[in-house]
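Put the two chains together into one complex; each comes in its own frame, and the hints tell you how they fit.
Going down the list, the protein sequences come from chains A and B. If you're matching positions, the first sequence starts at 1 in my numbering and goes up one per residue. If you're matching positions, the second sequence starts at 1 in my numbering and goes up one per residue.
Calculated from the structure, these hints are not laboratory results. Quick caveat, the model's predicted, so the values are computed rather than measured. Don't take each hint at face value.
Derived EDC-like pairs (lysine to aspartate or glutamate); straight-line CA-CA distance at most 16 Å [as the list claims (entries may be wrong)]:
{"#": "1", "chain 1": "A", "residue 1": "Lys152", "chain 2": "B", "residue 2": "Asp44"}
{"#": "2", "chain 1": "A", "residue 1": "Lys152", "chain 2": "B", "residue 2": "Glu34"}
{"#": "3", "chain 1": "A", "residue 1": "Lys356", "chain 2": "B", "residue 2": "Asp44"}
Beta-carbon label-pair distances, calculated as ranges [said to hold, decoys possible]:
{"#": "4", "chain 1": "B", "residue 1": "Glu144", "chain 2": "A", "residue 2": "Val339", "range": "42 to 48 Å"}
{"#": "5", "chain 1": "A", "residue 1": "Ala151", "chain 2": "B", "residue 2": "Lys26", "range": "28 to 34 Å"}
{"#": "6", "chain 1": "A", "residue 1": "Tyr174", "chain 2": "B", "residue 2": "Glu47", "range": "46 to 52 Å"}
{"#": "7", "chain 1": "B", "residue 1": "Glu144", "chain 2": "A", "residue 2": "Ile300", "range": "44 to 50 Å"}
{"#": "8", "chain 1": "B", "residue 1": "Asn158", "chain 2": "A", "residue 2": "Val496", "range": "21 to 27 Å"}
{"#": "9", "chain 1": "B", "residue 1": "Asn158", "chain 2": "A", "residue 2": "Leu280", "range": "26 to 32 Å"}
{"#": "10", "chain 1": "A", "residue 1": "Tyr471", "chain 2": "B", "residue 2": "Lys26", "range": "54 to 60 Å"}
{"#": "11", "chain 1": "A", "residue 1": "Trp500", "chain 2": "B", "residue 2": "Asn158", "range": "32 to 38 Å"}
{"#": "12", "chain 1": "A", "residue 1": "Ser49", "chain 2": "B", "residue 2": "Lys26", "range": "32 to 38 Å"}
{"#": "13", "chain 1": "B", "residue 1": "Glu144", "chain 2": "A", "residue 2": "Cys455", "range": "36 to 42 Å"}
The beta-carbon is built from N, C-alpha and C at its ideal position, and this holds for glycine as well.
Each chain, written out:
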Amino acid sequence: MRYLELFLQTFFISIILFCASNSFSQTKIGSGQISGNFMFDGMFYMPDSVIGAAETDDKVRANTYLNLLYTNGGFSAGLRYEFYLYPLVDFEKIGYKGQGITNFFGEYKNDYIEVTAGTFYEQFGNGFALRAYEERTLGIDNSLLGVKIHAKPYNGIHLKGVWGIERKNFDFDYLSRRDFVRGLDAEINFGEMISAMGEKGFTAAIGGSFVSKYEKADDPVLKLPANVALWAARLQFGFKGFRIEAEYAGKINDPNYTNGYIYKNGVAFLATASYSMKGLGVSASFVRTDNMDFRSQRDIISSTNLLSINNIPVITKTYSYKLLGDYGYSTQPNGQIGVQAQVNYKIPKKTKIGGKYGTDISIAYSRMHDIERKWGEPSDSTGSYKGTDGYKSGFFKFGKNLLYQDIGIEISRKFTQRWRLELAYNYITYNLELLQGHTGEPVVHAHNVAADLLCNINTKHALRLELQHLYTKQDCGSSLYAMLEYSIAPHWFFSVGDEWNYGNPEKGHRTHFFNVAASYVIKTTRISLNYGKTKDGMLCIGGVCREVPAAYGVGLSVTTSF
Amino acid sequence: MKKSVFLILCCLILSLSYSQDNKEKKYPVLPSVEIKTIDGKAFDTKEIKNDGNPMIISLWATTCRPCIQELKAISDVYDDWIEETGVKLYAISVDDSKTASRVAPFVNGAAWDYVVLQDVNSDFKRAMNVVDIPFLCILNGNGEIVWQHTSYAPGGENEVYEELLKWKKK
Chain A
1 MRYLELFLQT FFISIILFCA SNSFSQTKIG SGQISGNFMF DGMFYMPDSV
51 IGAAETDDKV RANTYLNLLY TNGGFSAGLR YEFYLYPLVD FEKIGYKGQG
101 ITNFFGEYKN DYIEVTAGTF YEQFGNGFAL RAYEERTLGI DNSLLGVKIH
151 AKPYNGIHLK GVWGIERKNF DFDYLSRRDF VRGLDAEINF GEMISAMGEK
201 GFTAAIGGSF VSKYEKADDP VLKLPANVAL WAARLQFGFK GFRIEAEYAG
251 KINDPNYTNG YIYKNGVAFL ATASYSMKGL GVSASFVRTD NMDFRSQRDI
301 ISSTNLLSIN NIPVITKTYS YKLLGDYGYS TQPNGQIGVQ AQVNYKIPKK
351 TKIGGKYGTD ISIAYSRMHD IERKWGEPSD STGSYKGTDG YKSGFFKFGK
401 NLLYQDIGIE ISRKFTQRWR LELAYNYITY NLELLQGHTG EPVVHAHNVA
451 ADLLCNINTK HALRLELQHL YTKQDCGSSL YAMLEYSIAP HWFFSVGDEW
501 NYGNPEKGHR THFFNVAASY VIKTTRISLN YGKTKDGMLC IGGVCREVPA
551 AYGVGLSVTT SF
Chain B
1 MKKSVFLILC CLILSLSYSQ DNKEKKYPVL PSVEIKTIDG KAFDTKEIKN
51 DGNPMIISLW ATTCRPCIQE LKAISDVYDD WIEETGVKLY AISVDDSKTA
101 SRVAPFVNGA AWDYVVLQDV NSDFKRAMNV VDIPFLCILN GNGEIVWQHT
151 SYAPGGENEV YEELLKWKKK
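So that you can see chain B by itself, here it is in the shape it has in the complex (with noise of 0.2 Å):
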């Protein structure tokens, strides 16, 4: 049983790496999720858009001291950010239904300006492949994954900086 199930994977991997075609450098599209807002109305993960500016998606909790960290410390950048690439930060908490609440009056208590959104399931971050959060990704102006990053070490947010600069809309 278990030798052909590694036999099937096997082909399965063999068959598909034959035919990848790289060709043509294509970026994944954002995948479309139902999440909510931090009001509690539905909000289809593909509606995160900036006029042809780019975004940035960070998947955070308020138990995750490493994303709050990382948030902060984009936080004190924002406005020199917003104004060198007119980036546009999504905030996604994935705090299931025992802190759910609690995200509102924490970002609020922040003082963040960025779009915050909530998966309480973890449907969002399942379908986009995360394994551990803190996870940064950067979108171009059309959507697509540009850039991804996970974990935080202090100074971290240069480098994020430094990548959002090659996709400022021309």
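This is chain A alone, in the form it adopts within the complex (with noise of 0.2 Å):
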């Protein structure tokens, strides 16, 4: 009975939301409009034993939400609701479970002043100092609410400013918060200012960054500080096809939970400087953090980004293939230095390497290491540096433990109109323990190759075979991935898969996790029905992690925007 009722419950919900999407369609209220989009992603479970997917409370769960846009003029207005009261069970885990208004918000703005009041976004520079962002697929919204103004005082002069309590999934309690965020960035582009600097090839800005947090702060023992600073400068310069962007940030005693509060200074710094030219484009990135993890709440213990005020970007390259979502890097705020380099060329078209369409060719590299830490001397006899200054780390030090390192090659090529053909291979180095906290747990080397064949049969019907082999001799051990895509543009997509975790040093879990789907997309409609197992693991998008885990089921999911 529980199921039903469950089951009618978000059925019921989904279908207001939906309806409500469509007659807000093109909405005309006085000389504005209205638009926004839907989301409504559900799955029944069921409990498997073999790939580890328990029995769950609910076994009918979804995650819906509704935006909502009017814009009229330089003003607009918006409200999102979101219902996630019986979440998928991933975003359980993380706590994305309730349901309410979760952004409102009304915006002004002319060609020198842009203000919002309620929900906003912002992001100062590279997000070093501040990135209130949102990822809807990690379960992440790091929106805050208050107020931001950017001006425009003159051209190539940003100002921005913000005041905002932070969201902290679906707790509303905002009266209650002991916290909150005020940052204020600036920005001259010397490019835009002067036009006679753009028309012979020359782009140069420069920025700086202040943001503040303050927490309310009672600790008995501790002396903590209820304000804590962090500042960035940044500069970028271009010349044709050359281009260099740095960003140096630093943060001021910040003890915190995942820093085990000690008092140590803050540093990051990211550099990249590439070339391009048509056909060509060659990049390289070297990335140092050290303790800059900032988030509105010291005490705060996630998994996630929750509460994250700033964002540092990872530098190494993500990939899409589905056996490498396990070993994707995830950014390590807290410490981590490293290089990347790419290369990206395209062997010309119409010649006797080339081809008829040219040949698309990427090697990339990186590696990303822990920082050398020397630990000053211990607070207590457990060995805790609790309200010390911690450690000190030499700034191009690499730490003795390799994080990850990276070594890949992809090669794309069109043959006729009818075939198209990638083909990648990546050595990876991954160290599980000090990544995902598997204590004790030897670092991972796998060779990973994979290639995707498209036929174009005729203009609508195509078929796309994907093949892939992981092989590894930790964790897991060896996979093979094949998945069958048949798709007539521009409605339909059919497809079947197979992930065989063949090499799993446990005969009893050398399972297959098949997938079927189907999904009907008009215009801005998308309709999937899937049906499989998942196994459980990382799944990583832009650097940020979330630990997924194993599930068997039907899925259904809807999108539309309108």
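Structure representation (structure tokens):
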């Protein structure tokens, strides 16, 4: 009975939201217009002891939201309703559970100023100092509730100011919150200011940010700072195809749960140089971060970016190959140092090697280490450094522990109107112990080969075959993956896939994770149905990862925008 | 609490569906959002223009494979499309700060002739109500959104082309 009730409730709400989205579609109020989007992502869970999909309390679960946006000239307003009362199991696991109007804002803008009151997103520079953002598929929403002002007093001068309280999943008790964030950012873009510079192919910009977090401090033992400041400075210079960008940031005493309550200052530095011309792109980056986890609440314990004020981007190349999902690098704001280099080259078309349509080649290398740490004296007999300055670390010193390394090559070539082939090889070294906290697990060395073959049967029908082999002796061992997709443009997609963990050291776990899916797309509406098993592992998007539990069941998802 | 929220929502929906007036077909205009050009200059999306000719806006990312497949497929026929319809394609990357600095080398490496812009914190994507990429829309010569589509299947570019022909400058 309970399932039925849950199902009906979820279904009912989804229908209301979906109807709402349809009735709002293209609605005019005065001279303004209403637009928005809607998503329903539901699943019927079935237990499976072999893959470890546990029996869940509620078999029918769904994530649902509706966004509405009203615009009228320079004025706009919006709201979002989220219904995650019985969310998908992976969202429940990270505490993204609840329902309510999570976003609402009003905004006014003209050529010189933009003022937002309510829920907003914002990023200063690369996000070292402040990044209020959302990654809906990971259950991350670090929006701020408050006021944002963006002024452009003169061509090329950008001034931003923000004040707000950060969203904490579905905890709407803002009145009892004892923390808030405020920040300022200024940027001078010389290329915009002096048009003659732009005409000669020069670009140049400098910028700086200052962000301060307030959180009431009443610890009986430690003298905790109520205000924690973070500043950042950045520059960007370009001449024709050449470009250099750098940002440096510092954080002043922020004892918190993630760093073991030490008072050490934090540092982050990122520099990227690139050169590109038609058919060729080369880039190289260096990053170092030390004690830069910066959250609205110092005591928060979270496996995700919950309450993070800033975001340190990862520089390693991200892959969308299925079997590499488990070994995607996740950013380590409290300690990482590394390099990345990449070359993209297009062998020109109509040449002997390039073929009729040309051939794209991409080679990438990344290496990330832990930072070196020379610890001082512990503060007590248990060996804790709580309340001390913690450790010292040389700026350019690579720590002993390798966190991640990737050597990869991708080749893509269109042979004829009908055939296109993409091939990829990666050698990945992944530190399971330090990146996923699996104590005692050996470092994973994995070779991955992937092929993606596309056959355009005619102008509408196409068949795509994806094959992958991941070879490793560590962790769960080797796996094979095959997926066949048949598409009828522009509406239909059908696919069957299977991931086979044939090399699992435990014979009983050499499981098949099959999946069958169909989807229908019309304009901006997409409906998809799938049935199958998902392996437990890491879901990584944009260098942020989240653990996903094993699951087995039938899923239905509907997304639309209007 | 929950019930009252629903009641409010339902009332809102009802009132709005009654006030709906679709007698004259009016297309939504492109929102004005400040994003960046590939060399880091501010760019307001209201500046997306093409002398009365139609335009295509594609939202993509260097990490999204179907997006790249779609842009590659269009790239193969882009010269013909320009000749036939005078179209201009704006490829707006939603790569975040992690991969944003690799967008320029990537598009140059791929030798695309598109106008490439960067929406680093997804502000334009949000204003366009886009849930998933690849997302593609066609604007008529007045900058109104006349057609939208999400996802890409090989051959999908043909539908885009057919739609584009309807909005050719007369």
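So, going through the hints one by one against the coordinates:
no.: 1; hint: A/Lys152 - B/Asp44; result: holds, 12 Å
no.: 2; hint: A/Lys152 - B/Glu34; result: holds, 11 Å
no.: 3; hint: A/Lys356 - B/Asp44; result: violated, 38 Å
no.: 4; hint: B/Glu144 - A/Val339: 42 to 48 Å; result: holds, 47 Å
no.: 5; hint: A/Ala151 - B/Lys26: 28 to 34 Å; result: holds, 33 Å
no.: 6; hint: A/Tyr174 - B/Glu47: 46 to 52 Å; result: violated, 38 Å
no.: 7; hint: B/Glu144 - A/Ile300: 44 to 50 Å; result: holds, 46 Å
no.: 8; hint: B/Asn158 - A/Val496: 21 to 27 Å; result: holds, 26 Å
no.: 9; hint: B/Asn158 - A/Leu280: 26 to 32 Å; result: holds, 31 Å
no.: 10; hint: A/Tyr471 - B/Lys26: 54 to 60 Å; result: holds, 58 Å
no.: 11; hint: A/Trp500 - B/Asn158: 32 to 38 Å; result: holds, 36 Å
no.: 12; hint: A/Ser49 - B/Lys26: 32 to 38 Å; result: violated, 57 Å
no.: 13; hint: B/Glu144 - A/Cys455: 36 to 42 Å; result: holds, 37 Å
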